[in-house]
Amino acid sequence: MPDDTLIHDPDGGMPRLLEIMRRLRDPDTGCPWDIAQDFASIAPYTIEEAYEVADAIARADWKDLEGELGDLLLQTVYHTQMGSEAGHFTFDSVVKAIADKMVARHPHVFGDESRDKSPAQQTQDWERIKAAERAGKAQTRTLDGIATGLPALTRAVKLQNRAARVGFDWPDTSHVIAKIVEEAGELVEARATLSQTEVAEEFGDLMFVVANLARHLDIDPETALRAANAKFTRRFEAVEDALKAKGKTPADSDLAEMDALWDQVKAAEKAR
Numbered sequence: 001m002p003d004d005t006l007i008h009d010p011d012g013g014m015p016r017l018l019e020i021m022r023r024l025r026d027p028d029t030g031c032p033w034d035i036a037q038d039f040a041s042i043a044p045y046t047i048e049e050a051y052e053v054a055d056a057i058a059r060a061d062w063k064d065l066e067g068e069l070g071d072l073l074l075q076t077v078y079h080t081q082m083g084s085e086a087g088h089f090t091f092d093s094v095v096k097a098i099a100d101k102m103v104a105r106h107p108h109v110f111g112d113e114s115r116d117k118s119p120a121q122q123t124q125d126w127e128r129i130k131a132a133e134r135a136g137k138a139q140t141r142t143l144d145g146i147a148t149g150l151p152a153l154t155r156a157v158k159l160q161n162r163a164a165r166v167g168f169d170w171p172d173t174s175h176v177i178a179k180i181v182e183e184a185g186e187l188v189e190a191r192a193t194l195s196q197t198e199v200a201e202e203f204g205d206l207m208f209v210v211a212n213l214a215r216h217l218d219i220d221p222e223t224a225l226r227a228a229n230a231k232f233t234r235r236f237e238a239v240e241d242a243l244k245a246k247g248k249t250p251a252d253s254d255l256a257e258m259d260a261l262w263d264q265v266k267a268a269e270k271a272r
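Numbering (full-length UniProt numbering), first residue to last: 1 to 272.
By construction, these hints were calculated from the structure, which means they are not laboratory data. A couple of the hints might just be wrong.
As the list claims (entries may be wrong) - Straight-line Cα separation of at most 30 Å, DSSO-like style, residue types lysine-lysine; simulated pairs:
no., residue 1, residue 2
1, K270, K246
2, K158, K130
3, K158, K231
4, K231, K63
5, K246, K231
6, K179, K137
7, K270, K248
8, K96, K158
9, K101, K137
Claimed, not checked - Across the chosen pairs, the derived CB separations fall in these ranges:
no., residue 1, residue 2, range
10, A224, A267, 16 to 24 Å
11, E240, A135, 50 to 58 Å
12, G136, G30, 35 to 43 Å
Cβ atoms here follow ideal geometry from the backbone N, Cα and C, with glycine treated the same way.
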């Protein structure tokens, strides 16, 4: 029988968590579900846990954040256990790699460079160091190294920022807004004359330029859209509550009534 002393030690810390994952993946005595997983099958859970961390932060729920951070840490442990089994890397090598990277990217803290820099200068230095790292990986193209698995709006901004660093950018927001008008017109035209695939392409072009406008306005489009989603949810639930007070549901109502209630909810929010 395996020694479960560490498994059941509440003060076992990181070694305990690593041992739990090792045992879960044990091909003879582990959990059948955990044994069956691979990098690709676990990746969606990793993304989901990162979003749940962000959600707990947005709600300022620090107790929930504690738990969500643990769930996210488990994802790292899961991937490193699979990496170790396949001979790719280990938890220790992953920790060493990120520690080395942080030291290398902060010469003004851990090296001889001056800390007397503005945040903008530090950002420039950070990007210069990252560019050198990419060159070391033979990532020589301007857009190399931007993860394809990022949320589309986030990736759009990263692509645009990278292109802007080599001068491929509109000089001000007026040009971006003009492009939005142009793309919106093309989308309207596409609806009448093009296939659904071509309409989707035109819609993507419009979204890409809207993301660029967010970048020029120094707005994170993902954060802005999440806030808009939350606002829509709040207002629609208020409309539902107003209908409930009348003994009705949205299904019993019509657009005109719900739109009028929506305007009332919106006006009340603005009055507050």
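Here is how each hint holds up against the structure:
1. K270 - K246: Since the Cα atoms of K270 and K246 sit roughly 24 Å apart, the hinted pair holds (cutoff 30 Å).
2. K158 - K130: Status holds; Cα separation ~14 Å.
3. K158 - K231: Since the Cα atoms of K158 and K231 sit roughly 26 Å apart, the hinted pair holds (cutoff 30 Å).
4. K231 - K63: Satisfied, since the Cα-Cα distance of roughly 25 Å is no more than 30 Å.
5. K246 - K231: Answer holds: K246 to K231 is near 23 Å, not above 30 Å.
6. K179 - K137: At roughly 36 Å apart (the allowed maximum being 30 Å), K137 and K179 break the hint.
7. K270 - K248: holds, 26 Å
8. K96 - K158: Roughly 27 Å separates the two Cα atoms, so the pair holds.
9. K101 - K137: holds, 14 Å
10. A224 - A267: 16 to 24 Å: holds, 23 Å
11. E240 - A135: 50 to 58 Å: Holds: the Cβ-Cβ distance is about 55 Å, inside 50 to 58 Å.
12. G136 - G30: 35 to 43 Å: holds, 38 Å
Of the hints listed earlier, the one the structure fails to meet is number 6.
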